[in-house]
Amino acid sequence: MRAVHLLALGAGLMASAPAFANEDVLKRTANPAEQVLQTVDYANTRYSKLDQINAGNVKNLQVAWTFSTGVLRGHEGSPLVVGNVMYVHTPFPNIVYALDLDQDGKILWKYEPKQDPSVIPVMCCDTVNRGLAYADGAIILHQADTTVVSLDAKSGKVNWSVVNGDPKKGETNTATVLPVKDKIIVGISGGEFGVQCHVTAYDAKSGKKVWRGYSVGTDEQLIIDPTKTTHLGKPVGKDSSITTWEGDQWKTGGGCTWGWFSYDPKLNAMYYGSGNPSTWNPKQRPGDNKWSMTVFARDVDTGMTKWVYQMTPHDEWDYDGINEMILTDQKVDGKDRPLLTHFDRNGFGYTLDRATGELLVAEKFDPVVNWASKVDMDKSSKTYGRPLVQAKYSTEQNGEDTNSKGICPAALGTKDQQPAAFSPKTNLFYVPTNHVCMDYEPFRVTYTPGQPYVGATLAMYPAPGSHGGMGNFIAWDGVKGKIAWSNAEQFSVWSGALATAGDVVFYGTLEGYLKAVDAKSGKELYKFKTPSGIIGNVMTYQHKGKQFVGILSGVGGWAGIGLAAGLTDPNAGLGAVGGYAALSNYTNLGGQLTVFALPN
Amino acid sequence: MVVTSGMLADVIYKMGETSLHYLSKAAIRPVLAFVALASVATLSVHAQDAKPADAALANQLDPNDKSGEQDPKLLDKYQAVKVEDGKYIDKDGAPTYHISNDGKKFDWYAYSGYRRYHAECHVCHGPDAMGSTYAPALKDSLKRLSYEEFVGIIAGGKKNESAGGQSVMPAFGDNKNVMCYADDLYVYLKARASGAMPRIRPGDKEEKPEAARAAEKECLGG
Chain A
148 MRAVHLLALG
158 AGLMASAPAF
168 ANEDVLKRTA
178 NPAEQVLQTV
188 DYANTRYSKL
198 DQINAGNVKN
208 LQVAWTFSTG
218 VLRGHEGSPL
228 VVGNVMYVHT
238 PFPNIVYALD
248 LDQDGKILWK
258 YEPKQDPSVI
268 PVMCCDTVNR
278 GLAYADGAII
288 LHQADTTVVS
298 LDAKSGKVNW
308 SVVNGDPKKG
318 ETNTATVLPV
328 KDKIIVGISG
338 GEFGVQCHVT
348 AYDAKSGKKV
358 WRGYSVGTDE
368 QLIIDPTKTT
378 HLGKPVGKDS
388 SITTWEGDQW
398 KTGGGCTWGW
408 FSYDPKLNAM
418 YYGSGNPSTW
428 NPKQRPGDNK
438 WSMTVFARDV
448 DTGMTKWVYQ
458 MTPHDEWDYD
468 GINEMILTDQ
478 KVDGKDRPLL
488 THFDRNGFGY
498 TLDRATGELL
508 VAEKFDPVVN
518 WASKVDMDKS
528 SKTYGRPLVQ
538 AKYSTEQNGE
548 DTNSKGICPA
558 ALGTKDQQPA
568 AFSPKTNLFY
578 VPTNHVCMDY
588 EPFRVTYTPG
598 QPYVGATLAM
608 YPAPGSHGGM
618 GNFIAWDGVK
628 GKIAWSNAEQ
638 FSVWSGALAT
648 AGDVVFYGTL
658 EGYLKAVDAK
668 SGKELYKFKT
678 PSGIIGNVMT
688 YQHKGKQFVG
698 ILSGVGGWAG
708 IGLAAGLTDP
718 NAGLGAVGGY
728 AALSNYTNLG
738 GQLTVFALPN
Chain B
1350 MVVTSGMLAD
1360 VIYKMGETSL
1370 HYLSKAAIRP
1380 VLAFVALASV
1390 ATLSVHAQDA
1400 KPADAALANQ
1410 LDPNDKSGEQ
1420 DPKLLDKYQA
1430 VKVEDGKYID
1440 KDGAPTYHIS
1450 NDGKKFDWYA
1460 YSGYRRYHAE
1470 CHVCHGPDAM
1480 GSTYAPALKD
1490 SLKRLSYEEF
1500 VGIIAGGKKN
1510 ESAGGQSVMP
1520 AFGDNKNVMC
1530 YADDLYVYLK
1540 ARASGAMPRI
1550 RPGDKEEKPE
1560 AARAAEKECL
1570 GG
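Residue numbers (the working numbering), protein chains in the order written: chain A, 148 to 747; chain B, 1350 to 1571.
Rather than coming from a laboratory, the hints here were simulated on the basis of the structure.
Glycine included, every Cβ here is placed at the ideal spot set by N, Cα and C.
Errors might be hidden in some of the hints.
Listed next, the stretches of chain A that the computed footprint assigns to chain B, with coverage defined by at least 3 CB atoms under 8 Å from CB atoms of chain B [claimed, not checked]:
{"no.": "1", "region": "586-595"}
{"no.": "2", "region": "602-615"}
Listed next, the in silico SDA-like pairs over lysine to any residue satisfying Cα-Cα at most 20 Å (straight line) [said to hold, decoys possible]:
{"no.": "3", "chain 1": "B", "residue 1": "K1525", "chain 2": "A", "residue 2": "E547"}
{"no.": "4", "chain 1": "A", "residue 1": "K398", "chain 2": "A", "residue 2": "K430"}
{"no.": "5", "chain 1": "B", "residue 1": "K1508", "chain 2": "A", "residue 2": "D263"}
{"no.": "6", "chain 1": "A", "residue 1": "K398", "chain 2": "A", "residue 2": "D386"}
{"no.": "7", "chain 1": "B", "residue 1": "K1454", "chain 2": "A", "residue 2": "N550"}
{"no.": "8", "chain 1": "B", "residue 1": "K1557", "chain 2": "B", "residue 2": "D1434"}
{"no.": "9", "chain 1": "B", "residue 1": "K1507", "chain 2": "A", "residue 2": "Q262"}
{"no.": "10", "chain 1": "A", "residue 1": "K430", "chain 2": "A", "residue 2": "D548"}
{"no.": "11", "chain 1": "A", "residue 1": "K478", "chain 2": "A", "residue 2": "T573"}
{"no.": "12", "chain 1": "B", "residue 1": "K1525", "chain 2": "A", "residue 2": "D548"}
{"no.": "13", "chain 1": "A", "residue 1": "K261", "chain 2": "B", "residue 2": "K1508"}
{"no.": "14", "chain 1": "A", "residue 1": "K430", "chain 2": "B", "residue 2": "L1569"}
{"no.": "15", "chain 1": "A", "residue 1": "K261", "chain 2": "B", "residue 2": "N1509"}
{"no.": "16", "chain 1": "B", "residue 1": "K1415", "chain 2": "A", "residue 2": "N732"}
{"no.": "17", "chain 1": "A", "residue 1": "K572", "chain 2": "A", "residue 2": "L414"}
{"no.": "18", "chain 1": "B", "residue 1": "K1557", "chain 2": "A", "residue 2": "E547"}
{"no.": "19", "chain 1": "B", "residue 1": "K1566", "chain 2": "A", "residue 2": "Y594"}
{"no.": "20", "chain 1": "A", "residue 1": "K315", "chain 2": "B", "residue 2": "K1507"}
{"no.": "21", "chain 1": "A", "residue 1": "K315", "chain 2": "B", "residue 2": "Q1515"}
{"no.": "22", "chain 1": "B", "residue 1": "K1507", "chain 2": "A", "residue 2": "D263"}
{"no.": "23", "chain 1": "A", "residue 1": "K174", "chain 2": "A", "residue 2": "L414"}
{"no.": "24", "chain 1": "B", "residue 1": "K1454", "chain 2": "A", "residue 2": "T549"}
{"no.": "25", "chain 1": "A", "residue 1": "K315", "chain 2": "B", "residue 2": "P1519"}
{"no.": "26", "chain 1": "A", "residue 1": "K381", "chain 2": "A", "residue 2": "I370"}
{"no.": "27", "chain 1": "A", "residue 1": "K691", "chain 2": "A", "residue 2": "V210"}
{"no.": "28", "chain 1": "B", "residue 1": "K1440", "chain 2": "B", "residue 2": "R1493"}
{"no.": "29", "chain 1": "A", "residue 1": "K693", "chain 2": "A", "residue 2": "Q199"}
{"no.": "30", "chain 1": "B", "residue 1": "K1507", "chain 2": "A", "residue 2": "P264"}
{"no.": "31", "chain 1": "A", "residue 1": "K315", "chain 2": "B", "residue 2": "K1508"}
{"no.": "32", "chain 1": "B", "residue 1": "K1525", "chain 2": "A", "residue 2": "Y594"}
{"no.": "33", "chain 1": "A", "residue 1": "K206", "chain 2": "A", "residue 2": "N747"}
{"no.": "34", "chain 1": "A", "residue 1": "K315", "chain 2": "B", "residue 2": "K1525"}
{"no.": "35", "chain 1": "A", "residue 1": "K304", "chain 2": "A", "residue 2": "P260"}
{"no.": "36", "chain 1": "A", "residue 1": "K526", "chain 2": "A", "residue 2": "D500"}
{"no.": "37", "chain 1": "B", "residue 1": "K1525", "chain 2": "A", "residue 2": "P596"}
{"no.": "38", "chain 1": "B", "residue 1": "K1554", "chain 2": "A", "residue 2": "P260"}
{"no.": "39", "chain 1": "B", "residue 1": "K1422", "chain 2": "B", "residue 2": "L1406"}
Here chain B stands alone, though its shape is the one from the complex (with noise of 0.2 Å):
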């Protein structure tokens, strides 16, 4: 069987949460950014099963777009090429985001991505991704970091030095309310640092896959 990077994340969260009982939340957070690191092989065995995009995976971004900066490279790169339970997967393994309708229609993981970001993330890194006074770009970040160095930062947190002083992102690893949109963050954020998605709140979206809806559940616990 497969394994899918929602399932990994999955994984990553039962194991803290388990963990929980007999570690300090200290020690779970490395702990939960070591296992995002260990996974590197398992998805890279999966990217070379990947197959080669068809029509139906194609973007279709908006023409008319000025505020998203896109850069073509990252836009093949994060192309997907399949579609799994209404996530897109991209060659690499990852999941990624997919744009019809000219651009006014995003899949269901963007879609929530979005929303994800604009509750938990954008108090630090500023709206849409753009970051702040007091935090970075992410859509600048997003153009560097893998699918398991996002989701260890998330999980581990991190600390910068630098001559105006420190900035310290804190560990996510037990909170429910980001580790278990992980992913959607993940695919938000790379349609932002390909600039697939402008400066806009996603209108139409495709339906939430019933995938999601149960991962959901079982992550939150009810």
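Bound conformation, chain A alone (with noise of 0.2 Å):
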């Protein structure tokens, strides 16, 4: 009864102030029986209150119910629950399914979107698509052909759709959305096709289109205030963007946004990552290539950006840096600070000031990262903010047609974009991890227009001189910028954490299984293997006063691409060859939703 009451006040909302739309998303995410975002909650913690299943009782779970999504592809993101109904999403077609909790999952209606499938190419590394969101009595889609679709939540009829981008050009999508305040806010891929990305704000009522943002491009486009937005504390000046690119580059120059959103009610900001430059071979593009690779704090009403930071300046790895900003308040030196941590592609664990973009932490969360010393943190320094790049290790230094080897971490990174999880009570992330390592060609290349455009080879092992395997779960101080504990696992970590107030941690593996770890010591409390590998992020929400654990199903991705028939060492000699595990051996596709309880 109390789902048909919030569903009533959300349409209520929707038809008189759509300005409070974010009230309604935060009295949502405030209430841990539902889960209304892919991220849990605006901050992006991926922590959930509930405490019904706990450190002592977990052991325990049972497969409550099943439900199979009809897809054989990556299944990324999770389902959301708002009331008594279920929502689950699946890769290309994009299919939405609302499922009734009072009925075992009864299908109360399918949408299911016509989509060119010559779209399905021009995604890099499958057909994944991060899950939906909720707002105001809608459900938003982010399909593959960047078409933004608002659902009427009850009904599944469509409100409005209005196309993003071009998938003729490269530009896709896999991310889900950001609903805040009035505005429906989405990024767009297409960083293997050139294509100049940017943030959209649409109008979370019409579709019409409000604000665009550039991550790249001149200052208009970007919305940067050359006087204002700030880098490292400084203003960043005129054309910040196009003189740091040689010639018109920057038109063709990438900085995709296709991670994370989160957003700061308190400051008005949201805060996300670009992606990397076109091409990967760096001799190409001369210059430090901003705002690629790069933290963004922008104005949710204008679009105005606040602050920068840019992480990998000039790429030479692929380090993307879209993955998640995790919003927290804690304590440093004494002193209470608006924080925000992020695990970026290239190894460093970022902890910011997120009011004034002020770098407080860079530290290594894996300690085989090697392509990098550290980062300067001495702010006299004119490589203040800066990694220092190891000559060695450099593939723009080594030069076009060299092979780097050995580098740390792997273009995957040490984390891609598998969320990590906080937790309030231990005042810990947990951190999904890779554990690869990598040499890297890079040669020139030809731009053509809706063609990939790459220019390296890549070839990827597990890290050298440590335990064989090719993941890491681990628990990070963002503050000491220090790994608390450390779970190796065989394969590299593709699924989202969970944190709940039970102290206990959940994650997924490749192989399939879905694992319950203490949040204290990290100690396995639970496992239970899915029917196909894991690249999905765990949920969690109550039902009739029970608390449940669900679990998307489905291998692929990047992860079932590299990893499917196993990697080899190239500088191990033949004898290593098959020595590390081919995740075929493992796991085969599958679309699956699994729903875990404790016996009544």
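Two independent chains are provided; combine them into the complex using the hints.
Shown next as structure tokens:
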């Protein structure tokens, strides 16, 4: 009954006062029975206050019910729960199911968009989709072909739809959206196709475009104020982006926005990261290539950039900066600070003051990271805030047609998009990571619109001299910049973590296990093997007073492509070939939701 | 004059380029695929000219390799019978690989194909042509595909429908980073298909032939 009431309330708000949209989302994210955002809350903590399932009883978890999505591709993201209805999305063709939790998941409605299949091969690394968002009685779907659709949550009828990009130019989407205030904010993919990427705000009620801010471009395109927008405390100055590219290369510059968005209602700011500069051959694009690989803080009403921080100037390794920005309030040197913590592909865990953009911590969250010795934290230094690149691992310095060996991490990063969680009970971040290194050889490529534009050959292998596995699941202290504990995993951990008030942290593995570990020690408390490898994010909800945990299985994504056949170590000689596990020996394609609960 | 397969790829590409002014991209793709298929006749005539293999052309594979899954029939079929400007040709007149020094040294095209594959193809087809959850293992596909079919597919793309969903390969007909290296990719994948090349990065290589340099320059357009 409460669900009906809440739905009605949502509908009422939409009709009368759209500016309060964020209050609907805020109210619902404060209610742990529901999950209305992929990120669980605006701060992207992925923390649930539910505690029925706890460190003491999680070992008794059982499968409560299951649901097949009917699609056999990589399943990223997670379902949503609003009232008594669960909303499940799929990879391309991006079907949406509304399931009735009162009737064991009976299908209330199904929405299947018609999309041109020619979008499939334009999506780098599988046709994944990182899920829906809910606000004000509407389910928002951002399809592979960049169509943004608002669906009536009750009926599945289309409220409005708008096209954000052109797949024929290589513009696609894999990301979720951010519903905030009276807007829906969306990103775009296409870094391997030379797309000039951006974030765009649409009116939540009509789908009308409100603002668009590019990652790379003129000041007007960026929506940046040369005198007020800051980088490490200093104004960025005029033409801060285009002067860091040769000629008009910025027009095909990349900086795509396929990651997660977080939002601070007090500062009225949204946070996200931009991706790699196009091409992967650094020699072909001299300069810092701003603002690729950058943390952005923007005003959500106007899109105005408050501050930026470029983590990897002039990328030489494809270390996209798109991973989530987790917002917490913690004490630093005895003072309460509004923090932003980000685990970058480049292997550094960054903590910044999210109000000012001041860099507070930048430490390696995997000890094998070697492409840079450290990030320069000396404010008086010329290279303040920059990574100190090791010449041996610099594909720029080694040059075209030279194979730079033993670079850690590999291009997929110490962590990719799979989101981390934060528990305010332990003040620890729980981070799914990759433990993979690479050889990288850049070479010259030409640009053709709508065609991939890569320009480097890669070979990847498990981090040498370590445990032989390709992943770790770690707990991280964001203020100290230190690993609290680390669990070795055979494969990269490609599943989003969930921390709960029951002192349990959940995550999935590529073999298909759902795992529950102790939040304090990392000790494994429970595992269950689902039908396919897990690249989805763990979610939890409460129905009729009982807590459930849900996970999408369906191996794929870059993990399914890179690890299906198993890796080899090109430097270890022929004896080692086949010495590393092939994912295809452990799991197969699938598309299934598994829901767990404690026995009655 | 004998038409080599490299020239064929050049012709196909140039035709695409000049046609660009008159046709939409979508229209070019089938044309390219058609040209590729129509050339079968030319090549089979050429095949009859093939001379028997001499000892210098014999492949010397790594005697200790366990990862290549060598296929004796294909190793025989893909054996080079002659070499022209550093490009090896098999008895069917198609480009092929050449391996020497106990599997340590590869011809330029096999080496270049390894590099191009791991830039353009591996993001769907997986490392070392081993396949992925997303796209088939080309080390297996190349056991079946002829040179002409191969060039036709990379130029024109491919669509498969299965119970699990659609899989779609894009048309690379107007992508110079792929089409200018069609022979390189083909030679590399043949070496993987027959098991002549294990799951390794080719270490030593034959010098880049002048012909490859010239063809690359012309195809890429500077």
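Structure-based check of all given hints:
Evaluation of the coverage hint for the region 586-595 of chain A: fulfilled, as 6 residues show C-beta separations to chain B shorter than 8 Å, against a requirement of three. Counting residues of the region 602-615 of chain A whose CB lies closer than 8 Å to any CB of chain B gives 6, which reaches the minimum of 3, so the coverage claim holds. A hinted pair counts as satisfied when its Cα atoms are at most 20 Å apart, and K1525 of chain B with E547 of chain A qualifies at roughly 18 Å. For the hint linking K398 of chain A to K430 of chain A, the alpha-carbon distance of about 17 Å falls within 20 Å, and the restraint holds.
Proximity of K1508 of chain B to D263 of chain A is assessed by CA-CA distance (about 12 Å); at most 20 Å being required, the pair is judged to hold. For the proposed pair K398 of chain A and D386 of chain A, the alpha carbon gap of about 14 Å is at most 20 Å, so the pair holds. Straight-line distance between C-alpha atoms of K1454 of chain B and N550 of chain A comes to about 17 Å, which keeps the hinted pair within the 20 Å bound. A threshold of 20 Å between alpha carbons decides the hint, and for K1557 of chain B with D1434 of chain B the separation of about 10 Å falls inside it, so the pair holds.
Simply put, K1507 of chain B and Q262 of chain A have alpha-carbon atoms about 17 Å apart, close enough for the 20 Å limit, and the pair holds. A hinted pair counts as satisfied when its Cα atoms are at most 20 Å apart, and K430 of chain A with D548 of chain A qualifies at roughly 11 Å. At most 20 Å may separate the alpha-carbon atoms for a hinted pair to count; K478 of chain A and T573 of chain A meet this at roughly 14 Å. Simply put, K1525 of chain B and D548 of chain A have alpha-carbon atoms about 18 Å apart, close enough for the 20 Å limit, and the pair holds.
Restraint check: the Cα-Cα separation between K261 of chain A and K1508 of chain B comes to about 17 Å, which is no more than 20 Å; the hinted pair holds. Under the criterion of a C-alpha separation no larger than 20 Å, the hint pairing K430 of chain A with L1569 of chain B is consistent with the structure, at around 18 Å. Simply put, K261 of chain A and N1509 of chain B have alpha-carbon atoms about 18 Å apart, close enough for the 20 Å limit, and the pair holds. Among the hinted pairs, K1415 of chain B with N732 of chain A is consistent with the structure: their alpha-carbon atoms are about 18 Å apart, no more than 20 Å.
For the given pair, K572 of chain A sits about 24 Å from L414 of chain A by alpha-carbon distance, which is inconsistent with the 20 Å threshold. A distance of roughly 15 Å separates the Cα atoms of K1557 of chain B and E547 of chain A; the hinted pair therefore holds under the 20 Å criterion. For the hint pairing K1566 of chain B with Y594 of chain A, the CA-to-CA distance comes to about 15 Å; that is within 20 Å, so the pair holds. Restraint check: the Cα-Cα separation between K315 of chain A and K1507 of chain B comes to about 17 Å, which is no more than 20 Å; the hinted pair holds.
Restraint check for K315 of chain A and Q1515 of chain B: satisfied, since their Cα atoms lie roughly 18 Å apart, inside the 20 Å limit. For a cut-off of 20 Å, the pair hint linking K1507 of chain B to D263 of chain A stands: about 14 Å separates their Cα positions. Between K174 of chain A and L414 of chain A, the direct Cα distance comes to roughly 18 Å. Compliance with the 20 Å bound is thereby established for this hinted pair. Taken as a hint, the K1454 of chain B and T549 of chain A pair is honoured in the structure, with Cα atoms around 18 Å apart against an allowance of 20 Å.
At roughly 11 Å between alpha-carbon atoms, K315 of chain A and P1519 of chain B fall within 20 Å of each other, so this suggested pair holds. Restraint check: the Cα-Cα separation between K381 of chain A and I370 of chain A comes to about 17 Å, which is no more than 20 Å; the hinted pair holds. Our distance criterion of 20 Å between C-alpha atoms is met by K691 of chain A and V210 of chain A, whose separation comes to about 17 Å. At most 20 Å may separate the alpha-carbon atoms for a hinted pair to count; K1440 of chain B and R1493 of chain B meet this at roughly 16 Å.
With a C-alpha separation of about 8 Å, the suggested pair K693 of chain A and Q199 of chain A falls inside the 20 Å cut-off, and the hint holds. As the CA atoms of K1507 of chain B and P264 of chain A are separated by approximately 11 Å, the hinted pair is consistent with the 20 Å bound. A threshold of 20 Å between alpha carbons decides the hint, and for K315 of chain A with K1508 of chain B the separation of about 17 Å falls inside it, so the pair holds. Pair hint K1525 of chain B plus Y594 of chain A holds up; C-alpha atoms about 8 Å apart against a cutoff of 20 Å.
For a cut-off of 20 Å, the pair hint linking K206 of chain A to N747 of chain A stands: about 14 Å separates their Cα positions. For the hint linking K315 of chain A to K1525 of chain B, the alpha-carbon distance of about 17 Å falls within 20 Å, and the restraint holds. Distance restraint check for K304 of chain A and P260 of chain A: the Cα-Cα separation of roughly 11 Å lies within the 20 Å cut-off, and the hinted pair is therefore satisfied. Proposed proximity of K526 of chain A and D500 of chain A is supported: the alpha carbons are some 15 Å apart, at most 20 Å.
Between K1525 of chain B and P596 of chain A the CA atoms are separated by roughly 11 Å; this keeps the pair inside 20 Å, and the hint holds. A hinted pair counts as satisfied when its Cα atoms are at most 20 Å apart, and K1554 of chain B with P260 of chain A does not qualify at roughly 50 Å. Of the pairs offered as hints, the one joining K1422 of chain B and L1406 of chain B holds, with about 17 Å between alpha carbons and a cut-off of 20 Å not exceeded.
Hints 17 and 38 from the list above are not met by this structure, while the remaining hints are.
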